[in-house]
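Asker: Here is what each chain is made of, one letter per residue.
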Amino acid sequence: MDYLDHLEAEAIYILREVAGQFEKPALLFSGGKDSITLVHLAEKAFRPGKFPFPLVHIDTGHNFPETIEFRDRLVARLGEKLIVGHVQDSIDAGKVVEQKGKNASRNPLQTVTLLDTIAEHGFDACIGGARRDEEKARAKERIFSVRDEFGQWDPKRQRPELWNIYNGRIHKGENVRVFPISNWTELDVWNYIRRENIDLPSIYFSHERDVITRNGQLMAAAEFLNMDHEDVIEYRKVRFRTVGDMTCTAAVPSEAYHIDDIIEEIRQSKISERGARMDDKVSEAAMEDRKKGGYF
Amino acid sequence: MDLLKFITAGSVDDGKSTLIGRLLYDTNSVLDDQLEAIQRANRKNNDGTLDLAILTDGLKAEREQGITIDVAYKYFQTEKRKFIIADAPGHIQYTRNMVTGASNSDLAIILIDARKGVIEQTRRHSFIVSLLGIPNVLVCVNKMDMVDYDQAVFDKIKSDYERLVLNLRIKQVDYVPVSALKGDNIASKSTNTSWYSGKSLLDFLETVEVNHTTANKQARFPVQWVIRPQSEELPDYRGYAGRVVGGTFAVGDRVVALPSEVSSTITRIELAANDLDVASDGASVIIHLADDIDISRGDMLVKQDEQPSVSKQFEAEICWMDSKPLDINQFYLIQQHGKTAKVKIQDIIYRVNIETLEQSAAVDLGLNDIGKIQFKSADSLAFDSYVANKTNGGAILIDLRNNLTVAALMITESLD
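These protein sequence lines are chains A and B, in that order. Final position of the first sequence in our numbering is 296; the numbers increase by one with none missing. Final position of the second sequence in our numbering is 1416; the numbers increase by one with none missing.
Hints listed in this document are in silico derivations from the structure and should not be mistaken for laboratory results. Warning: the hint list may mix true and false statements.
Below 16 Å or equal to it, Euclidean Cα-Cα: the simulated EDC-like pairs (lysine to aspartate or glutamate) are [stated by the list, open to error]:
(1) 50/A with 1233/B
(2) 1005/B with 2/A
(3) 50/A with 1232/B
(4) 156/A with 1322/B
(5) 1080/B with 265/A
Using the sequences and the hints, build the whole thing.
Answerer: Shown next, in the form of structure tokens:
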């Protein structure tokens, strides 16, 4: 069996385990390539039936317009339910406070909106597109990752996960984060997208746009970035290698217009995918700390 | 391109993390920003070279203590193969983590410190590898630089290890002398060991033939989910979704649903709207049958002439994984694939001392204990022996009170 067939079969198996083990699962959809790949795998797992879960998008309000358009088009084609949790609602309700200053981002605020959305709908499992190759704390996380009633991950108390057996039993109030593409690398995802001809938002491919340079990274010029006179806007040929919201996702200069170019670019790259994520640069254990707090 | 999953067993003292770091580094799998992070953390070896161990120790507690606690999965690929490393801790108090990592590996790298030779830890790791049914072992005799690359040291360790595996179920053992720190025989052959005629570690990993084919396994298809759209276009569609865990199924095969033992014929096999003639081991597919029979999640389709043991009583090898010991007066839940049932442990047949491999009587089993038990299930279960089919012979026990996974079971035989 080719390794992509193996990874695909494993992910489909995991998605079906979620369907079989949980009362009210959800698929967390960010509009990025990993969650788009998950949706494609869900079609393979459950068609011609309906998905046994809705798609859930936690929207910071600072997303790329291209991502939102793509999301709405995809949902319309699928005929599946979409639930959107708005970070703006959490801010309006006084549950979180917007960061101030130039590097303000709503990325950390998402955790509260996510946990509220989980509680409101009573989700007992949330499927996510995180991969173990992304980050060293993620390399330690289980495929079925149990979170306590506060949404917290406890890396020291993880359940042993053997063979193809996933123990999703939880008490009320707890929930499980499930990562069907844990064993995929960035390159695997791109090779799979090419093989399966999966449609992606245009910002993954090279295009020209206004950017500014912040902390050595190219950021899309947008009102949310609290720009001032020190920010010099340049018109550059760029693409996005990972897609979070506009405040935490940096662009890379690129001439990759087609998927073959992207795959070649990643092969040659000397910087990891999350190197373009401002949220990971906070500290050595930034991801571990956020996961302990309830992050994806 | 195919995939090789392997586990590395050994402790930090043996240079395990350094070995993995070296493999990643020498295959250009470490990127600039990750190297920068190592430099930022300012971890250096005594000779001033970068401490590659930090690449694998992902948790704060691990970096603080300088030990591996939990299994970490690492990924790299070369022109020839794609690899998944399960980097497991070597200390005895983390035996359960090694068992976890070993459950999904096709090959094990056992690290031996050239200065120390075969020690108790080597025996323990090899026993776990054998217990979990990993067919191939590669013994890496590490720190050869510390013994002046002496062939006699290597040969002695090799003959000691050959004796050690005599009583184990390991099918194939190979040996390579390395220095993870200096890079000898990792990505390429070293001139320091001119007496060694074998392959470098990477060359070996790229070319080793691993016995994870299942030509001789019987066909098993645990049903995970029944697809019934009940829509206007597909009012009568009924497909059984699941993953083949051994053997192959073809359209036209006579099959039996277990535990009901009702038989039917496969009329169609689908993978994402494409019809297949055959579904082979590992494939996630949808199977259609000629007859409308009652099959639901937890049931298993098997070929009529290749049936597993269907029983309520089994014997199994066990690794206890919870800090609360096994309580023989309590019910547990067994989970095999997506099937669960209440079980009672009827007898602890023995406990193994995993350093001497001696068996002795036991009244309970504690954290990291390995032994053999007999259990009785409330429902009929369809198991193969673990030796015949890992995926259909393995199961876990769950504590009903706190839902924790408390044990790994490797079925040895049915008792009915």
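Asker: Broken hints, numbered, in rising order?
Answerer: 5
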